[in-house]
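*Asks:* Listed here are the chains, written in short residue letters.
2 protein chains.
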Amino acid sequence: MSVLIVGSIALDDIKTPLEEKLNLLGGSASYGAIAAANFSPVKLVGIVGDDFPDEHIALMQSRHIDLEGLQRVPGDTFRWSGEYLWDMNTRETRSVALNVFEHFSPTLPESYRATPIVLLANIAPDLQHHVLDQISQPKFVIADTMDLWINIAKDSLIRLLSRVDMLILNDGEARQLTGETSLVRAGAAIRSMGPTFVAIKKGEHGCLLFGKNGDFFSCPAYPLEDIHDPTGAGDTFAGGLAGFLASEAEEGDITFPLLRRAVVKGSVLASFNVEAFSLERLKTVTLEEIASRYAMFQQMSHFEPV
Amino acid sequence: MSVLIVGSIALDDIKTPLEEKLNLLGGSASYGAIAAANFSPVKLVGIVGDDFPDEHIALMQSRHIDLEGLQRVPGDTFRWSGEYLWDMNTRETRSVALNVFEHFSPTLPESYRATPIVLLANIAPDLQHHVLDQISQPKFVIADTMDLWINIAKDSLIRLLSRVDMLILNDGEARQLTGETSLVRAGAAIRSMGPTFVAIKKGEHGCLLFGKNGDFFSCPAYPLEDIHDPTGAGDTFAGGLAGFLASEAEEGDITFPLLRRAVVKGSVLASFNVEAFSLERLKTVTLEEIASRYAMFQQMSHFEPV
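Chains as they are written, first to last, in the working numbering: chain A, 1 to 306; chain B, 1 to 306.
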């Protein structure tokens with residue numbers, strides 16, 4: 001089964017306490033697509049300018065990502081610049097230039113319209129609606145979001161929630177969206193707005209997954225000693241999760257046990273991603289490394305019954 | 001096997017955003033002893049004044065806690081007053097009166113000196129040393145601590161680390177003690193100071209356990225919707241952990257798999273404790289409820305291999 005991913009494709013300038021790098025491949029769809037492509041065929045929807053380096057296109061082609069839905073137009077690619085403070089948890093956006101992304105309103109290729117798994121990666125909710133409108137009877141729709149959209153496009157985001165099967169967001173965003181300080185209450189409140197499943201990411205503390213009938217899963221975080229660049233960790237998580245679902249969902253329903261495994265796969269991919277700037281680590285990670293770290297996640301969260 | 005617990009016994013005034021209660025039973029040894037007594041015989045070392053209510057003594061007697069090491073002297077019991085802010089995570093100490101605790105320097109009863117499991121609950125490191133000096137060949141020594149002692153008694157605390165098998169502290173304290181922002185590095189740094197095992201508590205995010213040869217366990221937190229009073233959660237965790245170890249350690253070495261289970265047992269007890277003020281919930285919790293919540297911890301952290 002294949003997964004359709006729509007989101008931003010960007011050129012990033014990133015500064016950490018130790019390093020600064022310019023003109024890096026970034027954007028929610030870039031991270032999501034490369035992560036998902038480890039597990040299943042990906043159909044990408046996005047836009048870049050004529051300044052977008054061919055090497056990034058070549059990277060996506062090397063992963064057999066379907067680029068029929070990728071527009072390359074005159075103008076500059078979306079640009080984002082951010083800086084991480086000393087603890088690598090706090091991020092300040094230094095500048096954003098939407099450029100060709102500003103008036104992006106894609107018409108999906110005919111061959112994309114029946115894609116069963118859809119990842120609406122982090123972009124404006126109106127654009128997520130617009131893409132979802134063009135897909136006929138998707139099997140499972142996942143939406144990612146961020147604080148910016150809760151601030152400036154909350155109505156559209158809330159309308160989106162009744163159209164998706166799963167929402168992914170971080171702990172601060174879950175509190176912001178619901179007004180609940182308890183993440184357990186926040187997860188339940190978001191489920192009551194529409195999505196059957198909610199994944200609340202807690203950064204270095206792992207991730208909580210909420211489902212039907214009180215289904216609950218607490219996914220640990222991989223104990224990394226050094227984080228080189230947290231950019232794209234959430235996008236990589238969502239892409240890995242969606243790609244794994246697409247690879248496994250063929251045989252039946254998307255169940256809570258399957259989603260648990262998908263959340264761990266996404267966490268594994270995200271843990272690799274932060275080991276290097278941009279997509280450098282995702283470019284080299286192998287299925288063997290992914291399987292080995294998945295086994296580590298099992299080992300570190302296992303304990304015997306009494 | 002029995003466990004010796006030394007720590008504070010206090011009368012607390014506690015204010016939360018919703019309620020304020022006065023003259024509650026508190027102190028690290030009170031929480032620790034009542035939690036541990038679910039699993040094993042407890043020998044208590046502590047001091048109270050002549051204002052200490054008989055009902056609290058009766059509670060300890062009802063749990064068959066050995067009170068030969070409990071001094072009752074003229075004067076006032078140690079008093080602590082604190083307030084929790086709206087998120088129930090931030091706590092402000094409003095007042096502390098050491099009272100009879102100020103010059104407490106216990107001589108252990110003869111019957112205490114061969115206790116195999118020792119919990120040096122949260123008190124001044126010098127007092128922890130003084131008690132440990134009087135115990136002959138303990139099988140396993142656990143120390144709990146807090147930011148106050150890192151601030152005002154760091155040298156004594158660091159000397160203590162080479163004398164204990166396990167240190168328990170929270171994430172902020174681990175960072176403060178080591179200067180490391182990464183908890184993985186902090187855990188390793190503390191292990192290099194002496195203790196074979198380190199448990200770093202992360203409040204609503206669970207607990208990390210570090211051991212020999214890279215042994216690592218990530219214990220989830222129970223998804224509580226409402227927290228009524230976080231006071232004593234850490235003391236209850238330490239007591240539950242130590243009591244469970246004492247009940248299971250008879251048969252051999254204290255291994256990492258045994259400690260994993262003990263960390264979960266401690267987390268289970270702590271999750272009950274915060275459901276009510278003071279020790280009210282610990283007074284009523286049953287072994288059946290503990291076993292049932294332990295099974296919930298297993299369920300919520302389980303996922304299938306791929």
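If you're looking for bench data, these hints aren't it; they were derived computationally from the structure.
All figures in this text were calculated on a predicted structure; none of them were measured in a lab.
Hints are not guaranteed to be accurate.
Said to hold, decoys possible - If you only want the chain B side, here are some residues facing chain A, beta carbon under 8 Å, derived:
(1) L85
(2) D87
(3) I254
(4) P257
(5) F303
All C-beta atoms, glycine included, are put in the ideal place defined by N, C-alpha and C.
*Asks:* Hint validation: B/D87 versus chain A, beta carbon distance must be below 8 Å. Holds or violated?
*Replies:* 5 Å, holds
*Asks:* Please check whether B/I254 passes as an interface residue: C-beta within 8 Å of a C-beta belonging to chain A.
*Replies:* 14 Å, violated
*Asks:* Would the hint on B/F303 stand, with a C-beta cut-off of 8 Å toward chain A?
*Replies:* With a minimum Cβ separation of about 4 Å from chain A (threshold 8 Å), the hint on B/F303 holds.
*Asks:* Is the interface hint satisfied for B/L85? The criterion is a beta-carbon contact with chain A at less than 8 Å.
*Replies:* With Cβ-Cβ at 11 Å, over 8 Å, it is violated.
*Asks:* Holds or violated: is there a CB of chain A closer than 8 Å to the CB of B/P257?
*Replies:* Holds - the Cβ of B/P257 comes within 8 Å of chain A, reaching about 6 Å at its closest.
Checked against the numbered hints above, the structure violates hints 1 and 3; every other hint is satisfied.
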